[in-house]
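Trainee: As a plain string of letters, each chain reads:
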Amino acid sequence: MTTLLNIQRPPVFCPGCSHERVVRTLDDALQRLGLNGEQIVIVTDIGCAGLFDTFFNTHAFHGLHGRALTYATGLKMADPELTVITIMGDGGLGIGGAHVLSSCRRNLDINLLILNNFNYGMTGGQCSVTTPVEAWTSSGFLNQLEPPLDICRIGKAAGAPWVGRLMATDRELSSRIQEAVVYRGFSMIDIWGMCPGRFGKRNKISLKQIEQEMSLLPEAEGRVSANERLEFGGHYRSLAAQLQCADPVGRIDCKFSPPVSSRCDILLLGAAGQRINTAGEILCLSAMSAGMHVTQKSDYPITVLRGHSVSEVVLSRSPVGYTGIIKPNIVIALSAEGVARRKKVFSLLDEDSLVIMADNLEIPKNNARTIEIDFKALGVPSSEWALVSLSMLAADGFPITEEMLQAGLASRFADR
Amino acid sequence: MALSFIDGNEAIARAAVRAGCRFFSGYPITPATTIYQQMLKLLPPLKGVCLQGEDEIASIGFCLGASMAGLKAMTATSGPGISLYSEQISFALSGEIPLVIVDVQRLGPSTGSATKGADGDIQFLRWGSSGGLPVVVLAPVDVRDCYILTMHAFNLAEQYRCPVFIASNKEIGMTRESIEIDSLDTPDLLTRKYCPEDQPYLPFQVPPGTMIPPFLPIGGSRLVRQTSSTHDPEGYITADTDIIGQVIERLDKKLVTNVDTFTFFEFDSDPDAETLLLVYGVTARAAKTAVEQMRKGGKAISLLILKTLYPVPEDFIKQCINEVKRVVVVEMNLGQYVREIERLAESQHVSHFGKMDGELISPELIQQVIAL
Ligand code: SF4
Numbered sequence: 003m004t005t006l007l008n009i010q011r012p013p014v015f016c017p018g019c020s021h022e023r024v025v026r027t028l029d030d031a032l033q034r035l036g037l038n039g040e041q042i043v044i045v046t047d048i049g050c051a052g053l054f055d056t057f058f059n060t061h062a063f064h065g066l067h068g069r070a071l072t073y074a075t076g077l078k079m080a081d082p083e084l085t086v087i088t089i090m091g092d093g094g095l096g097i098g099g100a101h102v103l104s105s106c107r108r109n110l111d112i113n114l115l116i117l118n119n120f121n122y123g124m125t126g127g128q129c130s131v132t133t134p135v136e137a138w139t140s141s142g143f144l145n146q147l148e149p150p151l152d153i154c155r156i157g158k159a160a161g162a163p164w165v166g167r168l169m170a171t172d173r174e175l176s177s178r179i180q181e182a183v184v185y186r187g188f189s190m191i192d193i194w195g196m197c198p199g200r201f202g203k204r205n206k207i208s209l210k211q212i213e214q215e216m217s218l219l220p221e222a223e224g225r226v227s228a229n230e231r232l233e234f235g236g237h238y239r240s241l242a243a244q245l246q247c248a249d250p251v252g253r254i255d256c257k258f259s260p261p262v263s264s265r266c267d268i269l270l271l272g273a274a275g276q277r278i279n280t281a282g283e284i285l286c287l288s289a290m291s292a293g294m295h296v297t298q299k300s301d302y303p304i305t306v307l308r309g310h311s312v313s314e315v316v317l318s319r320s321p322v323g324y325t326g327i328i329k330p331n332i333v334i335a336l337s338a339e340g341v342a343r344r345k346k347v348f349s350l351l352d353e354d355s356l357v358i359m360a361d362n363l364e365i366p367k368n369n370a371r372t373i374e375i376d377f378k379a380l381g382v383p384s385s386e387w388a389l390v391s392l393s394m395l396a397a398d399g400f401p402i403t404e405e406m407l408q409a410g411l412a413s414r415f416a417d418r
Numbered sequence: 146m147a148l149s150f151i152d153g154n155e156a157i158a159r160a161a162v163r164a165g166c167r168f169f170s171g172y173p174i175t176p177a178t179t180i181y182q183q184m185l186k187l188l189p190p191l192k193g194v195c196l197q198g199e200d201e202i203a204s205i206g207f208c209l210g211a212s213m214a215g216l217k218a219m220t221a222t223s224g225p226g227i228s229l230y231s232e233q234i235s236f237a238l239s240g241e242i243p244l245v246i247v248d249v250q251r252l253g254p255s256t257g258s259a260t261k262g263a264d265g266d267i268q269f270l271r272w273g274s275s276g277g278l279p280v281v282v283l284a285p286v287d288v289r290d291c292y293i294l295t296m297h298a299f300n301l302a303e304q305y306r307c308p309v310f311i312a313s314n315k316e317i318g319m320t321r322e323s324i325e326i327d328s329l330d331t332p333d334l335l336t337r338k339y340c341p342e343d344q345p346y347l348p349f350q351v352p353p354g355t356m357i358p359p360f361l362p363i364g365g366s367r368l369v370r371q372t373s374s375t376h377d378p379e380g381y382i383t384a385d386t387d388i389i390g391q392v393i394e395r396l397d398k399k400l401v402t403n404v405d406t407f408t409f410f411e412f413d414s415d416p417d418a419e420t421l422l423l424v425y426g427v428t429a430r431a432a433k434t435a436v437e438q439m440r441k442g443g444k445a446i447s448l449l450i451l452k453t454l455y456p457v458p459e460d461f462i463k464q465c466i467n468e469v470k471r472v473v474v475v476e477m478n479l480g481q482y483v484r485e486i487e488r489l490a491e492s493q494h495v496s497h498f499g500k501m502d503g504e505l506i507s508p509e510l511i512q513q514v515i516a517l
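Respectively, the protein sequence lines represent chains H and U. Sequential numbering of the first sequence, starting at 3, is according to the numbering used here. Sequential numbering of the second sequence, starting at 146, is according to the numbering used here.
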């Protein structure tokens with residue numbers, strides 16, 4: 003066995019700091035597992051525990067406070083062979099709480115060691131999420147207000163399949179770390195220790211007493227059988243392997259000559275369920291079958307199945323500049339909700355504009371040529387009104403023709 | 146000829162995959178969500194990874210890890226997500242971690258209007274990370290640009306080992322458009338330079354005459370150290386102010402001194418023009434229409450559409466504005482990029498028009514502004 007410790011960079015913790023003990027124990031555990039430095043990455047964040055990666059001859063990733071698990075997740079998903087060991091203090095545990103919860107739930111095969119010494123050592127001994135209410139910290143009385151959290155209980159509740167809690171001085175620590183590292187899934191060990199530099203200065207507390215406190219909490223002894231399940235990475239890869247490659251981007255051949263000399267702006271005003279967006283798309287595809295440039299924008303509320311649905315379509319023989327529609331050439335008005343959404347536009351319409359509308363609809367006064375359609379009499383359901391309106395345009399030959407519409411429909415529904 | 150009908154977000158996703166992106170993670174946010182949805186369709190069947198982070202901080206953190214393991218990575222969000230990315234962006238910058246970050250801008254401030262466009266994040270992208278070092282910001286005008294600039298973004302991220310932003314806009318990301326993909330002028334793909342096997346590896350050691358440290362992946366056969374702290378060539382935290390100063394200077398210079406090689410633009414210059422209209426992003430579309438109409442009316446005018454916003458291509462912009470007496474900057478915010486033009490202008494008069502109400506700036510409005 004050869005040590006993975008970086009001889010050139012011995013630990014630099016305050017005398018008596020439990021972190022140093024954990025550094026040596028982690029080295030022992032990794033050696034006993036027979037791992038080379040190249041097979042391991044130690045991921046750390048900010049704080050005294052964030053120095054860990056510098057003491058080892060392994061790959062190292064030292065990042066922002068509380069975010070170590072985020073890097074660990076990316077590393078492990080990108081390189082499933084890598085042994086990923088994440089080190090955080092109780093500070094990182096607090097600020098990165100969402101990542102801890104998510105990692106427990108996710109069950110990716112990474113190992114988290116929490117170096118829990120009940121305060122922020124590096125910044126001068128402020129209280130953390132694990133500080134006892136009776137402790138003295140440099141956060142004044144604030145720690146009296148919030149009880150410490152038991153990360154093992156939380157981890158189990160959040161779905162972690164392997165949760166342990168030990169003293170930094172525990173003889174078992176090396177073998178537990180080995181078990182945790184070998185475990186195929188997310189594992190975490192809450193390692194309690196002493197920060198003589200800060201916490202120990204204000205609190206006359208011994209490791210024995212800390213151990214005593216620990217014994218009052220429910221045990222955390224490794225596997226949590228109720229939480230054991232498929233490991234995220236392997237599961238991801240097996241589900242992904244069943245997926246078909248996505249279709250390439252659809253293409254439509256340009257085979258007709260466009261019946262439009264310049265630009266034609268079309269506004270489709272309807273309601274949810276009227277397939278306004280689909281009609282806009284078919285209009286575009288139809289125009290594209292004649293090599294025209296098109297743009298389409300849609301406007302509908304975030305909620306589904308109710309409210310307005312508006313589609314703005316621009317067809318042009320030359321590339322489309324401005325994609326907005328100020329004065330449309332054609333308005334297809336099919337519901338009050340849609341009309342209300344663009345009511346300002348009607349006053350701009352002139353004799354050259356065309357309005358195709360449902361015959362019972364009220365629209366603002368305007369000067370456009372108007373075609374009213376009695377959809378009810380035609381026996382057409384409201385979901386087809388927009389499509390029927392398109393066929394009216396095609397029958398007119400402007401701005402699309404019948405054959406263009408056929409091509410557009412064929413392209414839109416190619417896979418049905 | 147065959148045309149495709151896609152929006153800017155799909156173009157970005159498709160181009161990313163074509164550029165070799167094999168890791169994406171994001172958090173749902175309108176109007177960027179469909180990039181994530183597309184990547185979810187595209188990547189897993191290619192043995193790539195697409196994840197949904199628990200929040201934006203995690204999403205970009207995943208990318209940083211994956212990029213350091215050697216994958217080309219991308220994330221996408223909108224203003225509120227960029228805000229949360231901030232600390233990780235400065236990490237990508239200082240740790241020289243290649244990453245493409247898409248900001249499909251929506252109307253701010255704050256949660257603003259999720260389905261309305263704006264270009265309100267432009268200076269935020271440049272300055273929204275601690276330390277204030279330069280980043281690359283590319284601004285597409287349309288779906289075509291989304292495709293091409295995304296491929297360039299990956300190349301730049303790889304080549305310069307840095308985060309590269311694509312400053313899109315709801316009005317591009319969620320507007321579908323006809324596009325002839327086969328005819329696009331796409332760049333050859335670049336990948337980060339690896340340290341040759343016969344050379345010793347120090348993660349942040351820069352070979353003489355170059356400005357970028359060669360890469361090796363975490364998990365490879367030689368040890369790699371990555372750190373968000375000020376570091377020496379070995380990747381250990383350092384307090385040596387000489388070393389710190391040199392690294393910071395290099396991080397600045399590696400982009401600023403090379404911007405001429407990645408200045409993307411369209412410059413439509415009229416030698417008789419006294420006025421230059423300067424725009425970027427979706428506003429360029431209205432500007433083209435406006436310029437066309439003004440020229441039809443007999444007015445001489447030049448148009449500069451900038452697509453590399455940061456680092457500011459100063460020499461190039463100076464060249465363009467030196468041709469005229471007056472520069473009019475029009476943008477979908479209350480005056481952000483105009484600040485760069487004002488500091489570059491010498492004798493030219495610089496005026497500005499901008500608005501933030503969720504509506505596109507129209508060609509008519511631009512003409513009115515120019516006529517003033
Ligand atoms: S401050 Fe506390 S945690 Fe930090 S090195 Fe000193 S004793 Fe250890």
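Derived from the structure by calculation, the hints contain no laboratory data. As the structure is a prediction and not an experimental result, all values here were calculated from the model. Hints are supplied without guarantee of correctness; some may be wrong.
Unchecked claim - In silico DSS-like pairs for lysine-lysine, Cα to Cα no more than 30 Å straight-line:
1) U:K500 x H:K329
2) H:K206 x H:K257
3) H:K346 x U:K500
4) U:K338 x U:K192
5) H:K329 x U:K441
6) U:K338 x H:K346
Claimed, not checked - In silico contact screen, one side only, chain H against chain U (beta carbon under 7 Å); selected entries:
7) N38
8) G39
9) A62
10) T72
11) D81
12) L84
13) A100
14) A242
15) A248
16) V251
17) C286
18) F377
19) G381
Think of the CB as a built atom: it goes at the ideal place given N, C-alpha and C, for glycine as much as any other residue.
Trainee: Now tell me, hint by hint, if it's right for this structure.
Mentor: Structure-based check of all given hints:
no., hint, in the structure
1, U:K500 x H:K329, "21 Å, holds"
2, H:K206 x H:K257, "87 Å, violated"
3, H:K346 x U:K500, "20 Å, holds"
4, U:K338 x U:K192, "23 Å, holds"
5, H:K329 x U:K441, "20 Å, holds"
6, U:K338 x H:K346, "57 Å, violated"
7, N38, "9 Å, violated"
8, G39, "6 Å, holds"
9, A62, "4 Å, holds"
10, T72, "2 Å, holds"
11, D81, "4 Å, holds"
12, L84, "4 Å, holds"
13, A100, "5 Å, holds"
14, A242, "4 Å, holds"
15, A248, "4 Å, holds"
16, V251, "5 Å, holds"
17, C286, "6 Å, holds"
18, F377, "27 Å, violated"
19, G381, "31 Å, violated"
Comparing the model with each earlier hint shows violations of hints 2, 6, 7, 18, 19; every other hint is respected.
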